[in-house]
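A.B. asks: Read off the chains here:
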Amino acid sequence: MSLLDELPGADTDTAGAETPQSAKPVSRSRLVFSRLRGMPRFWVGVVGLGAIALWAIFGLVPNAWNYTDLDIYNMGSSPSRLHWFGTSDIGEDIYAQTIVGLRKSLIIGLLVGPLAAIVAGIVGAVAGYLGGWWDRVIVWFIDLLLVLPSLFLFILLSPIFKSLSWVALIFLLAGFGWMIMARVIRAQTRSLRERDFIKAARFMGVDTWTIIRRHILPNVSSLLIIDATLGVGGAILSETTLSFFGFGIQAPDVSLGTLLAAGQSAAATRPWLFIFPAAILVFTVLSASLIGDALRDAVDPTSGANRD
Amino acid sequence: MTEKLSTAAPGATLPGTGMPSTTAAPGPGAEGRQPPSNSPRRLLEVKDLKVTFPQHGGAVTAVRGVNYHVDEGEFLGIVGESGSGKSVSSLAVMGLLPSSAKVEGDILFEGKSLLGRSDKDMSRLRGDGISIIFQDPLSALTPVYTIGTQIAEALQLHNKGLSRLAANTRAVELLKVVGIPNPERRAQSFPHEFSGGMRQRAMIAIAIANNPRLIIADEPTTALDVTIQAQILEVLQKAKELTGAAVVLITHDLGVVAGNADRIAVMYAGRIVETGTVEEVFHKPSMPYTIGLLRSMPNLATAGHSRLVPLEGRPPLLSNLAPGCPFAPRCPVAIDACRTSEPPLTAIAGDPLNASACLRVAEIAGGVLDRRHLYPVPEPVAAAERAEVEPAKVLEVDRLQRHFPLTKGSVFKHSIGTVRAVDGVSFDIRSGQTLGLVGESGCGKSTTIMEILELARPQAGMVRINGTDVSTLSGRERKALRRDISVVFQDPMASLDPRLPVQDLVAEPLTVHGISARERLEKVRNVLDLVGLDPSMASRYPHEFSGGQRQRIGIARALVTDPKIVVLDEPVSALDVSIQAGVINLLQDLQEKLGLSYLFVAHDLAVVRQIADDVAVMYLGRIVESGPAQDIFDNPRHPYTRALLSAVPVPDPALERSRNRIILEGDLPSPTDDITGCNFRTRCPLFQLMDAAGQDRCLNQDPEPRPVGPGMVACHHAEHIELMGAAAGSRPGPAVGHQAGPEGP
Amino acid sequence: MRAAKADPLIGFITKRFINYAILTAIATLSAYALASAILNPAARYLGRNPRPSDETINAILDNLGVNPNTPVIERMWNWIVNLVTQGSLGETIHNTTVVSEIAARAGTSLRLLIIGTIIAAIVGVVLGVWGAVRQYRFSDQAISYGSFTILAIPSFVLGILLMILATMLNNLLGMQLISFTGEYTAGLDGGWWAHFWDRAVHLLLPTISLALMGAAAYSRYQRSAMLDVLSADYIRTARSKGRTRGSALVRHGVRVALIPMSTYFAYSFATVLAGAAVTELVFSWHGMGEMLVNAITQSDINAFTGAILFNAVLILIAGTLSDVVYAALDPRVRV
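Line by line, the protein sequences give chains H, B and X. According to numbering that gives the first Met the number 0, the residues represented by the first sequence are 0 to 307, in order. According to numbering that gives the first Met the number 0, the residues represented by the second sequence are 0 to 744, in order. According to numbering that gives the first Met the number 0, the residues represented by the third sequence are 0 to 334, in order.
The reader is advised that the hints may include incorrect statements.
[Stated by the list, open to error] Listed next, the stretches of chain B that the computed footprint assigns to chain X, with coverage defined by at least 3 CB atoms under 8 Å from CB atoms of chain X: (1) 116-128; (2) 151-158.
[What the hints assert, rightly or not] Simulated pairs of lysine to aspartate or glutamate, EDC-like, Cα-Cα distance not exceeding 16 Å: (3) B:592 <-> B:453; (4) B:283 <-> B:389; (5) H:198 <-> B:389; (6) B:478 <-> H:206; (7) B:478 <-> B:453; (8) B:592 <-> B:569.
FYI, nobody ran anything at the bench for these hints, they're computed from the structure. Remember, it's a predicted structure, so these values are computed and weren't measured experimentally. Glycine is no exception: its CB is placed at the ideal position from the N, C-alpha and C atoms.
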C-alpha cells in the first residue's frame, strides 16, 4: 500500500525554522525566491518558457501565411525567405502550423498541469487527513490507476473523445494525471496530521473541513505548485503522443502532435517537416520542467544542503 | 526485543583479557607518541580557531577565535547553548566540517598540526587517535549493517591484518564492555532493533574500539531519558578509565559536566567566555553569562524555594555581530567600554587555566560586584493582582485507560498483544493548583493528556471537567467545554501554523465559538499584552519571533478563551536553558493572576519542582507515586521515583560528586510485555534487596496505590525504601552499580 | 526469535504479492468492462459490403463472447470461467486465439523491455550517484541538463530522431550499417550467425531509445536519493571511524541510496511499458504495443483484454521483484 509514500515529499516547513541564522528573519516565500534567483536552471526555464509563450502569441504577426493557406506554387519546399520553416507536400506553411499547434499544446499543458494538481491536492489531503476507510478506498483506486498504464486508457477512451471537442482532452489528461502527486500529498498530510498545530486546532474544536482548508492545503501548497509546473510538461508530452498516433487532437484542429505525425514519414528526407515542430516541443517541455525542478530544489530545504 | 534487557545484568563481569590485551597490542598510531614524562602532556591544542561558513547573504563565522587544550587523560567539558559554536569546533578537530567551511588558526594533536592535511591522512587518525560520539545515535549508525559489522569495520580499518573473525570476536567483547546484554546475539542486530540507550552504547563501543587517546563526545546524552543518560555517562567514564583517553564532553547541560569533568570551558557566540576547573566555574563564576546561566537554571536541589532569575534577551546572530562584547546587550553590569571592544579571555588571579572574557572580571572576582545580586530577582505577583480561587476540583481523572492493540502478521493480521499506554491513571487538580505529571518517554504521559484533551468517552475510566463527565456530553456541549481547557505544546515552532499571522493563530480558538471579528481582535491584543508581547506585532508571522517569544504566542493562544485548565505539554523543554526561566516565571505569574489550574507534563524534574504543587510519577502507564511536590522530592517513597531523582544531574560539582547515585539497569520494558505482579520489579533496585517472601509479593501481586505518608505509593515495600539508600551508600564514588568490576585502578 | 527471522520477510513479500495480484485482477476486469462499454465490435461487420445479416453478426459476436446484447457481467463471468478452466483468453476477430497471438508477440516485447530496463537501471544509478557526489560541478550539470532534455523529448520523437541519425550515418558510410525498420530483415539469406547479427542490429536503436529515457528518469531519482544520503549522520560516523569520504560514500552511502530506487522502479514500470509500446510502434515492431493499439482500433475486446492482462502481469512481476530487492536491501522491513 505504501508503495509511493517514500517519494521525496519535501518537508515544507523546516525551512522557516532555520532562518534565524541570517541577519533578519526572512519570510518563507522570500527565502524560496532568493534561492530561486541563484539557480541558473530557473532563469533558463523562465526565459525559455516566456519566449515560447510570447512567440506563440505574436509569432504569426510578421508571417505572411495563415495556417490553413495553401501555397500551390511552393509545395514541399525547404525553408526559405518566403516560408521560414518550409512547406508541406500540399503547400501548407510549416511556420504558421507550428505556431498554431504550439498554441494548442501550450493551452492544454497550462490548463492540465494546475487542474491535475488541484485534484491531487484535494484527494491527497482528504485521504491523508481522514484516514480509515476513505484512505483505503482512495489509495486502492490510485494504485489501480497506476497499474493500468494511462496511455492505454487514453487510447481506449479516445473513441469517445474523438467525437467531442479538443477541450475534452484537457479533462481526460487531468483526470489521469493526478495520481502520483496525490500519493505524495497524502503522505505529507499524514505527517502534518500528527503535527502539533493540527492537533492544537483539533483540540480547539475546529472542524475537519476548516482544518483541511485552513491548515493542510496551505502547508502543502508548495508541493502543489511544483506539481502544477512539472505537470505542464507532462501534459504536453501526453497530448503530443496521443495526437501523434491519431488518438488525440483531430483534424481540422492542429497540435504539435498532429504536425509531427504528418512530418514523420518525411523526417529523413525533408527534415524541416519534423525537426522544427519537434525542437519547439522539446524546448517548451524542457523549459517547464527546469522551472519545476528549480522550484522543488528551492522549496526543499535539504536539497543542495550537501554538508560535504 | 527488549524483554531480555531488563532481566539480564549487562556485562556483569569483564573478561580479564578484555581491554588490557589490546592496549598492549601496538596500534598503527603508537609510533607517533612521545616518550613519557612526569608532567601531563598536551594532547590537543586548539589555537585561535576560526571557522567560517559561506552563505548567501554573507559568511557566518561560527567559531571566532577559540583557544583550549586537553592534557592526556583529562576530562574537559565544553558548555554552551545552541549556536554557540561548541559542536563546530569539535568537528573542526576531527576534520569533518563541510568542505565549504573555512578553518583558520591551528589545531595540534600530539604536537602535530591537523589543519591542511588530506582527507586520507586525517582518516588514518580518525577512529584511531581521536574518536567521536555523536548526539543522535539513531541517525548516526548506518541502518543497513549490523551493529557487530559496524564495530568490526572500525577495527579493521586501522588494523588491516585483523581477520574478519577476530574483528567480530573483538566487536562482541566491546559490546560486552559497554554493557550490552547477550552481546553475541545483539551483535547480529540492526540499529533499528536497538533502543536509544543501547545505540549510544554501541557508538561508545565504536569510539573506543582502537583505544583512542582522545574521545570527543558531542551531546552524547541529549536525546536520551534521564535514567538512560545516567547509564551512558557511567559507560563513558568507564570507557575513559579503560582506554586512558582524554575526553572532551560537549553539552548544553551544566548538570552533566558538573559531576564528570575536570575542567570546563563555557562558550558563547562562537568564543570561550570562561574557563576553569569545575569548582572554579560553578562556585566562583566570573563571567556574567555563566553567572546568569547558573542562576536561571532550575536546580533540583534548590528549585521551588525561590523564583528563577531569567537571563533576558537571546544570543546574538553570528552573521551580523555588533562590535564589543557579544553578551553586552543581555548583561546587567555592562558598561560603555563593553560595547566598543570585545574583551579577551584574561586570567583570573594569574592562573592561566582559570580565565574569563569580561572587562569587569576583577570586580566580580574581587567581590566588588556581588555575584548573587548581579541579576535582579523578579518580583512576585502583587497580592492585589492575584485572583481569588475557590478550592474546587476542576479536573478529575479516574482510572483512565487507553490500550492499543498490537497486531502482527503481514497477510492475516492478528493481535499479538496489547500496548497498555495508559493503564488506570487517576488524579485530580484543584483550581489554582499545578499538578506535575512526570515520567520518562514511553511512560504514557502524552497519551494521558491526549485522552483528556479529546473530551471523548475513554476506553475505561472517567474524565470530569468542572464536575461534568465528558462521556455524557453532546457535540455542542463538548464544543462549549473546549473553552475551559486548552493546551500548550512542547515545540512552539511545530504548534503554530507557519502560514498564518499571529493574530489569526491566537484568535483561532475564538472562531470556533462564533465570536465577532472585532471582539476577537480586542481579545488578541489583551492576551498578547498579558504574555508580555507587543500587541503591535500581531500581524507578523511566527518565524519572525524567537523561540521564547513563540512559546509566549502559544501560551497566548491557550489563554484567549479564558480557560480554567491549561494542559502544558513539556512547555519549556524545546527552549534554550537561558530562555526557560522567563517562560516558567510567566506561567507562574499567569496562574496567580488568572487563577488557572495547570496540568504540567514534563520529563525535567527540576522544572517540575519549580512550578508544581503536586506531583504524579508515571511508569509504564501507571502512576507509581503521587503527592505534594515538596514531600515527593524530599522524601520519595517509591524506588522508581528515588532512582529517577537520583539520575538527574545537579549543576553543583560538590553535591554531584558526593551523592549516591542509583542507576537503573536496562531499558524501559516494552509496554507489550506481560509482567506479572509489579511492573517495575524487572528494574527495581529495591526488589533485589528484598528477601524471598518480599520478592514473592512483587512477583505475584500488582501493587495498588495506597496512602503512605502524605501521598499515594504503588509499592509493596514503600516502608523499606531506606534500604536502597543504605545499599547505594555502601558503594560510593561515581563508578557505582554493577559495573564496578576488576577494571578499577 | 531467531528462528522466526525469515518468516516476516516471506510474509512481507507474500502480502505484497497478493496485493499486486488482486490489483492485477481488478485492473484486467475493469479494462474488460471499460472496453465492452466503449468498443463496438459490431461496427466492423456493419460496414461490410454486402452487409451481413443481423443474425450472422450476432452469431459471430456470440462466438467471440463479445455480443453487446449479453449483459457485461455474464460475458465477464464466461471470460473468467474460460480463463480458469481452459486457460483461454478467447479469440481475436481474426479467428486466432488471443493466447497464440500473445505468444507470438511477447518475445519481441520482452526482449526490448528486459534489455532496455537493465541498461537503463545500471546507467541511471551510476549517473545519479556520480551527479550527487559531484553536485553542481560541471559533470553534474552536464548530466542534469542531458537528462532533462531527454525527459522533455516524447518517446516517438526520440525514436524518429535516432532513425534520422542512423540514416545520416548509413548515408555517410555508404552502407546499411544500422537497420531499424522492423524486428529483422525479411527474406535474409545466410546462416544462424547472420540472423543473430541482423536481429541484434535491429534491436540497437529501439533499445537505445528505451534505455535513454529510463536512464534519464532513474538518474534524476538516484541523484536526489543519493543527495539525501550524503548529508546523513552515518556518513559522518563512518568517516569518524577512519574512512575517507569517498570510501564512506561508496560503502555506506550508495548501499542506502539504492533502497528508495527499488520502490521507484516498481512504480515507474507502468510508464516504461507505455514507453516501450510507443517505441515498438515507431520502429514497426510486431509486439504487444502494436497488438494493444490494433485491438482498440479494430474494436477487438478479447485481444485488448489479453494485452492488458499481459501488461498487468508484467507489472505484478516487476512490483514483486522490486519488493524482494527492497527487502533484501533494507533490514528494517524484515521486522
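A.B. asks: Now tell me if each hint is right for this structure.
C.D. replies: Against the structure, the hints come out as follows:
no.	hint	result
1	116-128	holds (count 8)
2	151-158	holds (count 4)
3	B:592 <-> B:453	27 Å, violated
4	B:283 <-> B:389	46 Å, violated
5	H:198 <-> B:389	31 Å, violated
6	B:478 <-> H:206	10 Å, holds
7	B:478 <-> B:453	11 Å, holds
8	B:592 <-> B:569	22 Å, violated
Hints 3, 4, 5, 8, counting from the list given before, are not met by this structure.
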